[in-house]
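A.B. asks: Here is how the chains run, residue by residue.
2 protein chains.
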Amino acid sequence: MINAKAKGSNGERFLLRKFWDNGWACLRTAGSGSMSFPAPDLIAGNKIRRVAVECKVTKDESKYLSIADIDQLKTFSDYFGAEAWVAVKLADNPWYFLSLDDLKVTEKNFVATLEICKSKGFLVEEFFSF
Amino acid sequence: MINAKAKGSNGERFLLRKFWDNGWACLRTAGSGSMSFPAPDLIAGNKIRRVAVECKVTKDESKYLSIADIDQLKTFSDYFGAEAWVAVKLADNPWYFLSLDDLKVTEKNFVATLEICKSKGFLVEEFFSF
Chain A
4 MINAKAKGSN GERFLLRKFW DNGWACLRTA GSGSMSFPAP DLIAGNKIRR
54 VAVECKVTKD ESKYLSIADI DQLKTFSDYF GAEAWVAVKL ADNPWYFLSL
104 DDLKVTEKNF VATLEICKSK GFLVEEFFSF
Chain B
4 MINAKAKGSN GERFLLRKFW DNGWACLRTA GSGSMSFPAP DLIAGNKIRR
54 VAVECKVTKD ESKYLSIADI DQLKTFSDYF GAEAWVAVKL ADNPWYFLSL
104 DDLKVTEKNF VATLEICKSK GFLVEEFFSF
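Chains A and B, in that order, are what the protein sequence lines are.
Quick note, in our numbering, the first sequence goes up one by one and the last residue is 133.
Quick note, in our numbering, the second sequence goes up one by one and the last residue is 133.
Don't read these hints as lab results, they were simulated from the structure.
Just so you know, these numbers come straight off a predicted model, no measurement behind them.
One thing to keep in mind: the hints can contain errors.
Put simply, identical chains are the same to the list, so a pair is met inside one copy or across any two.
With a straight-line Cα cutoff of 30 angstroms, these simulated DSSO-like cross-link-like pairs (lysine-lysine) come out [stated by the list, open to error]: (1) LYS123 - LYS62; (2) LYS8 - LYS62; (3) LYS8 - LYS121; (4) LYS21 - LYS62; (5) LYS62 - LYS50; (6) LYS21 - LYS111; (7) LYS111 - LYS59; (8) LYS21 - LYS50; (9) LYS50 - LYS77.
Can you make the complete structure from the sequences, with help from the hints?
C.D. replies: This is the structure we're talking about:
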């Protein structure tokens with residue numbers, strides 16, 4: 004039995020390791036949920052690029068992201084000088100990196116669907132190939 | 004009564020706020036002490052600069068830093084493409100930012116003394132003025 008929070012942390016650690024394995028430095032944010040300043044789940048950089056990543060794991064086939072989540076990711080990335088990305092792991096699918104522009108916009112949320120992931124997203128190995 | 008760990012976290016939060024107040028994005032690292040990958044206490048960036056910061060608070064007039072601490076700060080900074088800094092708050096003195104080159108090297112450690120802080124360090128307001 005593993006709760007949602009632990010599943011999220013394990014997901015972040017998985018991606019953290021992938022960044023290091025591919026020659027990037029990466030770190031996880033302390034208590035990103037409870038801080039008064041915007042903070043992504045992960046930040047990673049190499050000599051050329053910096054990326055701020057919000058990580059989402061779900062057993063469903065789509066994942067809703069709140070407007071507040073996306074806003075704080077944009078704010079942090081703008082100030083820091085980083086690219087903003089969402090990393091999503093849906094149901095039994097692999098991780099996909101999505102650009103914010105590729106999320107579907109609803110009245111109250113942003114949504115990452117499996118269809119979007121497959122058509123617009125980057126698999127981990129693809130993400131590190133450019 | 005406040006223990007050393009809480010004092011360290013409070014120090015990190017103080018500097019985190021200073022970065023945001025000065026137009027930088029900044030975040031604290033999750034469990035930097037227990038991770039298997041190098042991680043500074045803070046990372047901050049703006050459109051121009053990125054800095055990785057190891058924070059140390061003590062009631063003494065000097066602070067020893069282990070070779071391992073400095074090595075992991077250098078490693079993270081090299082991979083990430085960030086400047087490496089140590090922020091030190093000694094006894095009743097203000098925070099000083101020190102370049103790694105300014106730390107005194109002993110046989111087994113690095114040391115930040117009050118003399119070094121006062122002669123080579125940057126006060127918070129100075130740090131944000133360049």
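A.B. asks: All the hints need checking, so say for each whether the structure fits it.
C.D. replies: Checked hints:
For a Cα distance limit of 30 angstroms, the shortest separation of LYS123 from LYS62 inside one copy, 20 angstroms, qualifies, whereas the shortest one across copies, 54 angstroms, does not. Proximity of LYS8 to LYS62 under the C-alpha cut-off of 30 angstroms is restricted to the intra-copy arrangement: shortest distance 13 angstroms within a copy versus 37 angstroms between copies. Proximity of LYS8 to LYS121 under the C-alpha cut-off of 30 angstroms is restricted to the intra-copy arrangement: shortest distance 25 angstroms within a copy versus 45 angstroms between copies. In this assembly of identical chains, the alpha carbons of LYS21 and LYS62 lie at most 30 angstroms apart only when taken from the same copy (22 angstroms versus 40 angstroms across copies).
For a Cα distance limit of 30 angstroms, the shortest separation of LYS62 from LYS50 qualifies neither inside one copy, at 35 angstroms, nor across copies, at 37 angstroms. For a Cα distance limit of 30 angstroms, the shortest separation of LYS21 from LYS111 qualifies neither inside one copy, at 32 angstroms, nor across copies, at 33 angstroms. Taking the closest pair of Cα atoms, LYS111 and LYS59 come within 30 angstroms of each other only inside a single copy of the chain (18 angstroms); across copies the shortest separation is 43 angstroms, beyond that limit. Within a single copy, LYS21 and LYS50 get their C-alpha atoms as close as 17 angstroms, and across copies as close as 26 angstroms, so both meet the 30 angstroms cut-off.
In this assembly of identical chains, LYS50 and LYS77 lie within 30 angstroms of each other by CA distance both inside one copy and across copies; the values are 22 angstroms within and 14 angstroms between.
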